[in-house]
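Line by line, the protein sequences are chains V and W. Mapping to my numbering: the first sequence position 8 is 8, numbers consecutive. Mapping to my numbering: the second sequence position 209 is 209, numbers consecutive.
Note that these hints are calculated values from the structure, not bench results. One thing to keep in mind: the hints can contain errors.
As the list claims (entries may be wrong) - Here are the simulated DSSO-like cross-link-like pairs (lysine-lysine), alpha carbons at most 27 Å apart as the crow flies:
| # | chain 1 | residue 1 | chain 2 | residue 2 |
| --- | --- | --- | --- | --- |
| 1 | V | Lys279 | V | Lys220 |
| 2 | W | Lys119 | W | Lys201 |
| 3 | V | Lys20 | V | Lys57 |
| 4 | V | Lys220 | V | Lys186 |
| 5 | V | Lys265 | V | Lys214 |
| 6 | W | Lys167 | V | Lys145 |
| 7 | V | Lys240 | V | Lys20 |
| 8 | W | Lys135 | V | Lys138 |
| 9 | V | Lys186 | W | Lys224 |
| 10 | W | Lys95 | W | Lys126 |
| 11 | W | Lys135 | W | Lys59 |
| 12 | V | Lys265 | V | Lys279 |
| 13 | W | Lys201 | W | Lys59 |
| 14 | V | Lys57 | V | Lys46 |
| 15 | W | Lys167 | W | Lys187 |
| 16 | V | Lys40 | W | Lys126 |
| 17 | W | Lys95 | V | Lys145 |
| 18 | W | Lys54 | W | Lys193 |
| 19 | V | Lys145 | W | Lys135 |
| 20 | W | Lys187 | W | Lys59 |
| 21 | W | Lys210 | W | Lys187 |
| 22 | V | Lys145 | W | Lys187 |
| 23 | V | Lys62 | V | Lys279 |
| 24 | W | Lys167 | W | Lys224 |
| 25 | W | Lys224 | V | Lys138 |
| 26 | V | Lys145 | V | Lys40 |
| 27 | W | Lys167 | W | Lys54 |
| 28 | W | Lys124 | V | Lys145 |
| 29 | V | Lys145 | W | Lys194 |
| 30 | W | Lys167 | W | Lys194 |
What you are looking at is a predicted structure, and each value in this text was computed from that prediction instead of being measured.
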Amino acid sequence: MTQDNHNNAYKFGMVIDLDKCTGCGSCMVSCMSENNVPFKEDESNKRDSITWMRVYKLTNGKSFPDTEIAYLPRPCQHCGGEGDHGHSPCVSVCPATATDYGYDTGIVSQIYTRCFGCRYCMGACPYHARYFNWWDPKWPEGMEKYLSPDVSPRMRGIVEKCSFCYHRYQAARDKAYYHGDKDHIKEEDYQTACTTACPSNAITFGDLNNPAHKVHQIVKPDPHPDPRNHHVVGKSRNPKVFRLLERLGTNPKVYYLSEREWVRKQGDHYLEGEWDKIKNHHGTTSHG
Amino acid sequence: MSELENKAKNDSTISAGEKIAQKIKDDKGLGQGVILFIIAFVVCFAGSTLLFPKLLYSKKEQPFNFDHYLHVYEAGDCEACHYLREDGSFSGIPKLETCMECHVEEPLGVTDDEVVFVKEYLAKDKEIPWHVYAKQPDCVFFSHAGHIDTGARMDFNECHGPIEETKTSRTYEENRITGYSRDIWGKNIFGIKKNSWDRMKMDDCAKCHKEETGHQGYCFQCHK
Ligand code: SF4
Ligand code: SF4
Chain V
1 MTQDNHNNAY KFGMVIDLDK CTGCGSCMVS CMSENNVPFK EDESNKRDSI TWMRVYKLTN
61 GKSFPDTEIA YLPRPCQHCG GEGDHGHSPC VSVCPATATD YGYDTGIVSQ IYTRCFGCRY
121 CMGACPYHAR YFNWWDPKWP EGMEKYLSPD VSPRMRGIVE KCSFCYHRYQ AARDKAYYHG
181 DKDHIKEEDY QTACTTACPS NAITFGDLNN PAHKVHQIVK PDPHPDPRNH HVVGKSRNPK
241 VFRLLERLGT NPKVYYLSER EWVRKQGDHY LEGEWDKIKN HHGTTSHG
Chain W
1 MSELENKAKN DSTISAGEKI AQKIKDDKGL GQGVILFIIA FVVCFAGSTL LFPKLLYSKK
61 EQPFNFDHYL HVYEAGDCEA CHYLREDGSF SGIPKLETCM ECHVEEPLGV TDDEVVFVKE
121 YLAKDKEIPW HVYAKQPDCV FFSHAGHIDT GARMDFNECH GPIEETKTSR TYEENRITGY
181 SRDIWGKNIF GIKKNSWDRM KMDDCAKCHK EETGHQGYCF QCHK
């Protein structure tokens with residue numbers, strides 16, 4: 001009996017092209033049906049709706065004819081925490097270890113049977129990526145048959161969030177085992193539901209550690225800590241790519257791409273004049 | 001003189017040894033107490049070992065008896081029915097379709113079970129609603145590919161026991177509260193295990209993972 005956990009560590013992440021995103025919401029729908037996300041009888045009250053993936057509307061705040069709109073899909077950012085050491089905001093507060101950081105994949109888990117619903121993690125998450133189940137899930141009769149057996153449904157009183165479709169990783173790993181190459185999961189074998197559902201191909205998903213993967217090629221993550229802020233690791237060397245609230249040092253694995261400067265500026269809050277100082281700073285190799 | 005003072009005076013005049021002797025003599029209930037305690041203990045113990053499991057688990061019979069021994073002999077090996085698919089997923093308990101690779105048209109054999117199988121399921125083209133002893137709770141992801149020949153090269157006996165030698169299907173027991181198979185907690189109500197397959201709780205998985213891989217794994221390794 002031999003096996004080892006010391007396979008090369010993946011660091012799964014995604015980059016979302018906000019210039020391609022039309023705000024159609026396909027990612028949200030596919031995410032919900034893929035992950036057995038329950039819904040309420042009346043979904044008009046959005047405050048307690050569960051949306052692992054949520055599309056936000058951004059605007060440049062200008063009046064006609066200069067108004068511009070962009071849409072920003074927001075899954076869980078799978079934060080690596082300060083210095084990318086796995087101390088994600090949510091993981092570090094959970095008293096039940098119901099959410100942990102997978103050092104083998106970089107994915108932040110959520111274990112429903114372990115969570116007791118204190119909601120500390122919801123308070124800790126800077127991205128509002130976590131949702132509380134106020135009710136037991138109820139599906140219209142017959143609809144249980146459409147649920148995915150690969151994702152366990154949640155009960156009332158616990159928290160859930162995007163898992164980067166982890167069950168698809170599990171399936172890809174099984175396939176890799178079968179083909180005798182368990183350490184090399186193919187890019188096409190593990191793609192999240194939102195990635196595959198997006199009709200405008202705005203989402204690119206893969207291993208940020210693997211230079212052969214498209215996501216790595218677009219993001220070009222800087223392996224060194226940001227010289228201006230050592231908590232930040234993996235800053236993109238692509239000037240068009242940014243992360244949400246990057247300066248916090250949460251080190252999200254979800255990156256955003258836009259040609260438009262006003263869109264990139266919406267990734268954080270800036271004091272007057274601050275943006276101009278940092279907008280050209282892109283990792284250690286460029287000089288901002 | 002009050003009673004208390006009297007007592008104190010008396011006490012000071014007799015030795016410690018005498019005091020104890022007197023106490024034991026006074027304590028007529030001691031023998032009865034021990035007996036009562038033993039009886040209560042036996043009742044509780046018997047209750048918890050004999051009665052509690054009956055309360056906790058409901059018994060369910062399989063739709064009909066399945067002879068693993070015969071099938072392994074006839075089919076040659078386990079993989080004839082339980083195999084990995086090309087995408088790495090595990091086939092699990094075979095569907096009727098697999099049974100019909102051999103059991104076509106006429107019954108094979110003359111047992112009562114064969115009659116039930118043919119009449120109730122084959123003829124009606126109905127899947128057999130087996131109770132799965134090894135079924136894990138819904139939140140568990142188990143990778144057969146990672147454990148058998150393609151992965152850790154474990155023997156199926158290590159988790160499933162000597163199933164290939166069984167000629168009958170034992171009664172399936174289901175936890176009334178959780179709905180889980182009794183095989184998860186194990187037959188022994190105190191959780192004592194003698195064989196590696198006696199119990200299949202998370203601790204058992206984690207223990208083996210820790211021993212074999214040096215790490216019990218992150219939550220998502222086995223959860224979904
Ligand atoms: S709600 Fe659940 S996952 Fe979040 S901190 Fe509390 S126990 Fe942990
Ligand atoms: S986005 Fe929120 S839920 Fe996701 S890892 Fe970061 S802190 Fe945790």
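Going through the hints against the structure:
1. V/Lys279 x V/Lys220: Distance ~17 Å between V/Lys279 and V/Lys220 Cα, so the pair holds.
2. W/Lys119 x W/Lys201: violated, 38 Å
3. V/Lys20 x V/Lys57: Distance ~14 Å between V/Lys20 and V/Lys57 Cα, so the pair holds.
4. V/Lys220 x V/Lys186: holds, 19 Å
5. V/Lys265 x V/Lys214: holds, 24 Å
6. W/Lys167 x V/Lys145: Judged against 27 Å, a Cα distance of about 34 Å means the pair is violated.
7. V/Lys240 x V/Lys20: holds, 14 Å
8. W/Lys135 x V/Lys138: Within the cut-off at roughly 24 Å; holds.
9. V/Lys186 x W/Lys224: holds, 21 Å
10. W/Lys95 x W/Lys126: holds, 10 Å
11. W/Lys135 x W/Lys59: Judged against 27 Å, a Cα distance of about 16 Å means the pair holds.
12. V/Lys265 x V/Lys279: holds, 8 Å
13. W/Lys201 x W/Lys59: holds, 20 Å
14. V/Lys57 x V/Lys46: Given pair V/Lys57, V/Lys46 holds - Cα atoms ~15 Å apart, limit 27 Å.
15. W/Lys167 x W/Lys187: holds, 20 Å
16. V/Lys40 x W/Lys126: violated, 35 Å
17. W/Lys95 x V/Lys145: holds, 18 Å
18. W/Lys54 x W/Lys193: holds, 20 Å
19. V/Lys145 x W/Lys135: Holds, at about 19 Å.
20. W/Lys187 x W/Lys59: holds, 13 Å
21. W/Lys210 x W/Lys187: Roughly 24 Å separates the two Cα atoms, so the pair holds.
22. V/Lys145 x W/Lys187: Between V/Lys145 and W/Lys187 the Cα gap is close to 33 Å, so the pair fails against 27 Å, i.e. violated.
23. V/Lys62 x V/Lys279: holds, 21 Å
24. W/Lys167 x W/Lys224: violated, 35 Å
25. W/Lys224 x V/Lys138: Status holds; Cα separation ~20 Å.
26. V/Lys145 x V/Lys40: Within the cut-off at roughly 18 Å; holds.
27. W/Lys167 x W/Lys54: holds, 25 Å
28. W/Lys124 x V/Lys145: holds, 22 Å
29. V/Lys145 x W/Lys194: This hinted pair is violated, its Cα atoms lying about 39 Å apart.
30. W/Lys167 x W/Lys194: The given pair, whose Cα atoms are some 23 Å apart, holds under the 27 Å limit.
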